[in-house]
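Since chain V is already given, all that's left is putting chain P on it; use the hints.
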Amino acid sequence: MRRLMGVLAIGVVAALMGSTAAKADQLAEIKKKGTLIVGVKTDYPPWGMRDASGNIVGMEPDMAADVAKRLGVKLELVSVVSSNRMQFLQQGKIDLMIATMSDTPERRKVVGIVDPVYYASGVAILANKKANIKGAGDLKGKPVCALQGAFYNNELQSKYTGTDLVAFKGIPEAEQALLDGRCVGFVYDDVVLVWKKAQDKKWEAFDVVALPEWKPVPWGLAVKTEELSGPWGKFMAETTKDWLKSGTLLALEKKWVGSNTQWLIDASAAAKK
Amino acid sequence: MTATRNHASVTSEGVAPARGESGYMAAAFTPRVLAGAFGLVAVVVLAGEAWAQLNSGAGQAGIMTTLWKWTPLILFGPKGEFGGFVLNIVVSFLAMAIGTISGLVLGLGLISKFGPVRSVAWAITQFFRNSPWLVLLFFVMLLTPFQIRILGLSIPLPAWLKATVGLALPIMANIAEIVRGAVNSIPTGQWESAESLAFSRLQTLWRIILPQCVKRMIPPWMNWYAILTMATPLISIVGVNDAMTLTQDALASEQRTDLLMPMYALLLLFFFVYCYPIARWTIRLERKYAVRI
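Residue numbers (our numbering), protein chains in the order written: chain V, 1 to 273; chain P, 274 to 566.
A portion of the hints provided could be inaccurate.
[What the hints assert, rightly or not] Straight-line distance between alpha carbons at most 27 Å, and here's what the computed DSS-like set of lysine-lysine pairs gives:
hint: 1; chain 1: P; residue 1: LYS352; chain 2: V; residue 2: LYS31
hint: 2; chain 1: P; residue 1: LYS352; chain 2: V; residue 2: LYS33
hint: 3; chain 1: V; residue 1: LYS255; chain 2: P; residue 2: LYS342
To be clear, the hints were calculated from the coordinates, so they are not data collected in a lab.
Here chain P stands alone, though its shape is the one from the complex:
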């Protein structure tokens, strides 16, 4: 069984690059993978169902019914509010956007010719790369006010937005490192040729070096996106209504131990279905953009 499975996955990976860009979703969700993911959840649910039968008896709704009842809330959040799994995705997008833009600036700071800029950029990068995400989150949550007043106008800063900034900080530092690494990986010949053609440093960087970096940066960048998305349940600890918080609320409201495993399995499935294709796509792009010597 194991041997067959290994063989099959190798084959599907081997086949994937041959397909076109558009075929990627199909390639990621091979029937085997889907069957595996849903099978895992089904096993957990069925085990829970059996456990419930043994332990309680009549008067309780079935596990599937209960999961189904809470699914809309966990996916889309309370009515009229911004929350649920949708919030996790929006937070991941925004944090990635903020982290990428600021990371690019910071990364260019890391390769600056001007010493002080380099040192400051280095210090910032090291600090945010080596701090626990949760601690950074708490810092941002507690240090910023819940609303700011500018010229009599009070602008609310919702908790999810603060959490987004908190998650963007470590992303920024890691993207900066990716930028630095990518620029350094371009052969020095490129710099020398550009110089001989009278390009300024800025022109060289912007027109010659960075365009070549982009495709090298995409796979690690996507990798960080997947890591970030999977880290978004952290924001539940700082009081944001994300999918994790709502799952816990649902569990508290149901007061049933037999729901623990199935409920968390469902949450896991949401994240898996979202992140797995990204992981597959990353592998594909890595292979495609691999530097051939």
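Bound-form chain V, shown alone:
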């Protein structure tokens, strides 16, 4: 019995040591195990979603597949949500996170966000063509649909429309109001609006007009903090640069979102120089 306890104790100690031992080189480790595990979203179409047979598809899963192809390893996709994606990465459950995550200074303290960023979402308005809106300056005195609690609502109202916004809780309600003509346009994330317009014929009489008054929020893919300056972080930085330079991201955006956003066109052009 006592010997058994001794063996168990050694086992526990070994387990503790094993879990705390620092991994020297994640890139080498991924190649060694032959599988790349990437955390992606499954609730954010078209960037990450499930099809009816349960496969995870979308723009970000395609990016993950490209990383695996470059490494010559198999790809395993893990479904993450906003609340657990950073923990999964830091715990080592996933090697890489491409999960529609906005790049913020707070998040940079927790995970290693790779530069350059691969995407960004700005603010835009899906406007009725008849209203002839070319920018935020044309919104004065007009009814504009928006979502409650969006960070730009306050400024939009005080600086540009000068009148109360028609604010809704959910996207479908705001869309319906726009179609019913209760407002001239719906202000929301540009990438989602571009996707919606490309997806559905009912938006034929509407245009997505960028509102550069609000700076685009970049989306970053991330590796473990301690890997950022290591071979793995560098490999991902090079990969992202190449994606921008070669137009891979533009092609993927075209495929999934339906049309290209100004930010990505500009970023890809800048990478070529």
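For chain P alone, coordinates are given in the frame of chain V:
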């Protein structure tokens, strides 16, 4: 209508105990109950269908077609992965097994003659009985690593397994209370008689008291099983691919508000069809094992 329904359900309950053990499934799913459950879902679906007709028009698949399309995924999970409603059931089984075994040990600790053991068991029971399940789940999920290494061998700890342990903890504490209550409910005469026959405390407990407890514990034990099963969608919050997560993924992928109610109604139906017979069976056993004075 209400009066008739009440009358009918009383009758079916009254009849149930008279049937044999094997007749229980049939007794639980009387045509009336089944019709009611499916009727409820049908109403929700039809209302959704009508709402869809009013709001969108052409180009969208019907609600029934869409529900049917996603049903295999929600029931059995993604291909080649462990998930869906099957995962909810497996998690409920495992959590109940772990909770029952550890709860039995803890419950015996609660009635120990040795003071310190009793105090520790009491503290553990109170802690886990009075903590919110979701908070316990988060604790277990975040405190345990995703894999452990023993002697160079790395053993992965999948999220669903951690979630199972998280759910087993409150079950353990509640089963412990059931054990304690059952042992205390056995008349002291049993203990005294056993003592007079020179049984040791352990022998008395194991051979005389606990066998009598079993049938008293079964109804509340089953009750906790049903509660546990209905609580398993909680694990969706900690990132497990259970039926709830997949329902939400399906909804996100469809991007249609008219699907919200029908989709959740379908999920509800899965749980209802599984848990309702357990509830009926519990009532039956309660009646059967009721202590007659």
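Going down the list of hints, with the structure as the test:
A hinted pair counts as satisfied when its Cα atoms are at most 27 Å apart, and LYS352/P with LYS31/V qualifies at roughly 25 Å. Under the criterion of a C-alpha separation no larger than 27 Å, the hint pairing LYS352/P with LYS33/V is consistent with the structure, at around 23 Å. The hinted pair formed by LYS255/V and LYS342/P meets the criterion: a straight-line CA distance of about 24 Å does not exceed 27 Å.
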